[in-house]
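Novice: Below are the chains, spelled out letter by letter.
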Amino acid sequence: MKMDVSVALGAVIQGVMMGAIYGLIGLGITMVFAVTGMLNFAHGDFMSLAMYLCLALHTAFNLDPYLSLFVTVPAFFVLGLLLYHFFFRRTLKAEILMVVQLTLGMVFIIENGVLMVFGPDYRSVPNFLLTTVVSMGDMFAVRGTYLVTFLVGGAVGFGLYWLIESTDLGRQIRAIAQDREAAQLMGVNVARVQMLIFAIGIALLGLAGPLLTSILTMEPYFGLHLTLFAFITFVMGGVGNFLGTLIAGYILGVTESMGMLYLGGYYGAAVPYAIFVLLLIFRPHGILGTK
Amino acid sequence: MILLLGLVLVPPRASVFWVHTFTMILLFIYWTSAWNIIGGFAGEINFYHPLFIAAGAYSSTLLFMNYRISPWIGMWVGVAIAVAIGVGCAWICYRARLPHLSFALAAMGFVYMGLYIGTAMEWVTGGTRGLTLRPASDPANMMFGDKATYYYIALVLASGAVALSWWISRSRLGYYMSAIRGNLLAAEAVGVNTVGYRLLAMAISASLTAIGGTFYTQLNLFINPQVAVSITGVISMILFCAIGGFGTVWGPVVGTLLLMPIGELLRLYVAVPGLHLMLYGIIVITVISFAPHGLVPWFQDYAARKRGAAGQAKEPG
Amino acid sequence: MLSVDHVTAGYGVVPVIREIFLEVGEGETVALIGGNGAGKSTLLKVISGLIKPKGGRVFLERTELTALAPHQIVDKGVIQVPEGRRLFPRMNVRENLLLGGRNVRARQNIAPLLERVQILFPILKTKEKQEAGTLSGGEQQMVAIARGLMAMPKVILLDEPSLGLSPLIVGVIFAALSQLKQQGLTILLVEQNVRLSLKIAEKGYVLENGRIVLSGSGKSLLENGQVKASYLGI
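So the sequences go chain by chain: A, B and C.
For the first sequence, my numbering assigns the number 585 to the last residue and increments by one with no breaks.
For the second sequence, my numbering assigns the number 1225 to the last residue and increments by one with no breaks.
For the third sequence, my numbering assigns the number 260 to the last residue and increments by one with no breaks.
Extracted from the complex, chain A is given alone in its bound form (with noise of 0.2 Å):
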């Protein structure tokens, strides 16, 4: 009995640390949100794209994922505004239904893509730290891999945080959220922050694939796993509340380590998606409201 305890104790942890990074990719749509109004199908299967990068990267010239990390982060930044710049700049302007078509084809044409090359098998990325073993005093022990990307994801998570709220750039994004035309008559220029909310949204998952690759086997075609990932703490956390997002994630991280620790195979993997509709049925507004 005591060793369930520290069992646990230990998918809590675990819980945590991926949580860190749901909530970081959250974040990410829950932003693109709130300023552009639109909610792009394809986020998650952009970050797959990042890890297969990173995957490449190590086959082509052992390339750790870590370091990977300086290539994808700057790489999608730009990848993001060019996306925008080409293809949803006049979308939005349009019709919002178009971003469905448009992002849904991304999805098929990335995923495929990806499965092309890749392959259909389950592949991951080995990286440096993936044998170190950080013990927290006698009770558990955390591989380094979790730990760094607990410690990433969250100063990242919680530093765009500290950018919303105190921040000119910050007070812009909210200011778009709150009233679109009351911001342009404060001089904000609404189509450049949009690009660049973009830009920092497919940036964000430029940064968490490689943190993942040491934790999660990718395989082509669960990238849309991950946009619902994100779609989930994006709901859970109030529906453009920024910290809601952030603590949605926490949340979502812990009751997936949970529910596969005690449920197993599939029916553990359907807990994170019973919550949320146990979370739909009874608490719509989310844990902290809409902001």
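None of these hints come from the bench; they were simulated from the model.
Certain hints may be false.
Here are the computed lysine to aspartate or glutamate pairs in the EDC-like style, where the Cα-Cα straight-line distance is at most 20 Å [as the list claims (entries may be wrong)]:
hint: 1; chain 1: C; residue 1: K155; chain 2: A; residue 2: D462
hint: 2; chain 1: C; residue 1: K102; chain 2: A; residue 2: D358
hint: 3; chain 1: C; residue 1: K78; chain 2: C; residue 2: E90
hint: 4; chain 1: C; residue 1: K78; chain 2: A; residue 2: E475
hint: 5; chain 1: C; residue 1: K78; chain 2: C; residue 2: E54
Stretches of chain B that chain A covers, calculated by requiring three or more beta carbons in the stretch to come under 8 Å of a beta carbon on chain A [what the hints assert, rightly or not]:
hint: 6; segment: 1000–1011
hint: 7; segment: 1041–1048
hint: 8; segment: 1108–1120
hint: 9; segment: 1147–1157
This one's a predicted model, so the numbers in the text were calculated from it and none came from an experiment.
We put the beta carbon where it would ideally sit given N, CA and C, even for glycine.
Chain A is already provided as a structure; the job is to place chains B and C on it using the hints.
Specialist: The following block gives chains B and C in isolation, referenced to the frame of chain A:
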């Protein structure tokens, strides 16, 4: 438009392969039209259809395998379950007042949950190994020795769905749905029961889709959770509908007929997995770049403009 | 300083405003009056760049504003205090003011600007940290005007500042406007409170069904028979 109708009515006396492929294509036209009722006409993009297909497929198959109830009857159980799922889940989402596109992702949440639980419940669904039916010629139990019969049934289904779409588009229901689709808040302000009509559209769509699910199983004699609850499938349908034009009667037909034959050919002759799906994605992005509302509206616009120009040319100066 | 030259604009096929000609000189206060739906807010939206006109042009001194984006027009110094206040509800008073002062010219002078508006409306200091959505109507209007002032306007456009406010508060607002006028601010005032706005304005325009039907000095319009009948209920 009438030309298209003529084309489809010509039944091919071709090889089994082609008959089967076109049966599937007709089935997809049917399913895409069904999706169009809630997704296109009512403007409520969603991913529930895999669940409806599974409801139809599993209900009829399980009832047949365990209780010897004919799929012709079991089908209706599937319909009932599908409607319950669709209306129930949608109602939960409407209560939660999610923003427009969130409805779609919430649907995906339900679908994945269903997929995982379904796969886990091996004693019911057969897990990934699935359920297999032995082929036989048994019309009372929806099994036909001759593949061509399946083709004709699929043709009937597809035509029926298109006819229903046409009828809806001209009816009061269609009118309300286009109001809801155009501007939800305005429609509510005017007093339209937006939730009620959308749930109705969902119910219609769910029923049709479930019937298709039963048919699919009888056609392919195999079902498992991955196949039934196919996210790839529903995204393909949405893309076909997008290319043809959301909310148009012929959109689903045009989109599916344009893309799926090429896709199926690719899938079978070029041994690169997933290429056909990637192609669908590329084509969608290309098409909506110049025809944002789909090909059918674009063509109607084009025809109208040509008629307008011709009319001007006819008028004396 | 600000001139509207034969502007025609609307949202759909039918224009809401037609052939509008209007001029606001430097340091002048100009009133634009008219009933509901006459098109007053539409005109302000055109000036601020939120809607592009179907015809006509807008000038600030010699610079044409017509084709510019809204944020560029703000940078040029044409600032609007929109109808219904439109404060950012979940930000506090201070943050709203800071947003007002974020354009290129103003952001160098944030501290002195803040001080000035706080002298004009003392509650801006006392309620600094309060969420804007929780303020009373009158308080919100004060914040809205102050927010506009934070932008260092060359011309300030006020859309119905007295709307929904009690006579007492309206008096306070208009007293502040007088003060600003005396400090040399150029004001275009769109109002339903005809009496107060014509009293404070050098010039006035009457907008009916999308067209300017009358114009003249504030005083002469106040004594005009039609104006008296239609808008003053006399």
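Novice: Each of the hints needs a verdict: does it hold here or not?
Specialist: Right, here's what the structure says about each hint:
| no. | hint | verdict |
| --- | --- | --- |
| 1 | K155/C to D462/A | holds, 17 Å |
| 2 | K102/C to D358/A | violated, 51 Å |
| 3 | K78/C to E90/C | holds, 13 Å |
| 4 | K78/C to E475/A | holds, 14 Å |
| 5 | K78/C to E54/C | violated, 26 Å |
| 6 | 1000–1011 | holds (count 10) |
| 7 | 1041–1048 | violated (count 0) |
| 8 | 1108–1120 | violated (count 0) |
| 9 | 1147–1157 | holds (count 3) |
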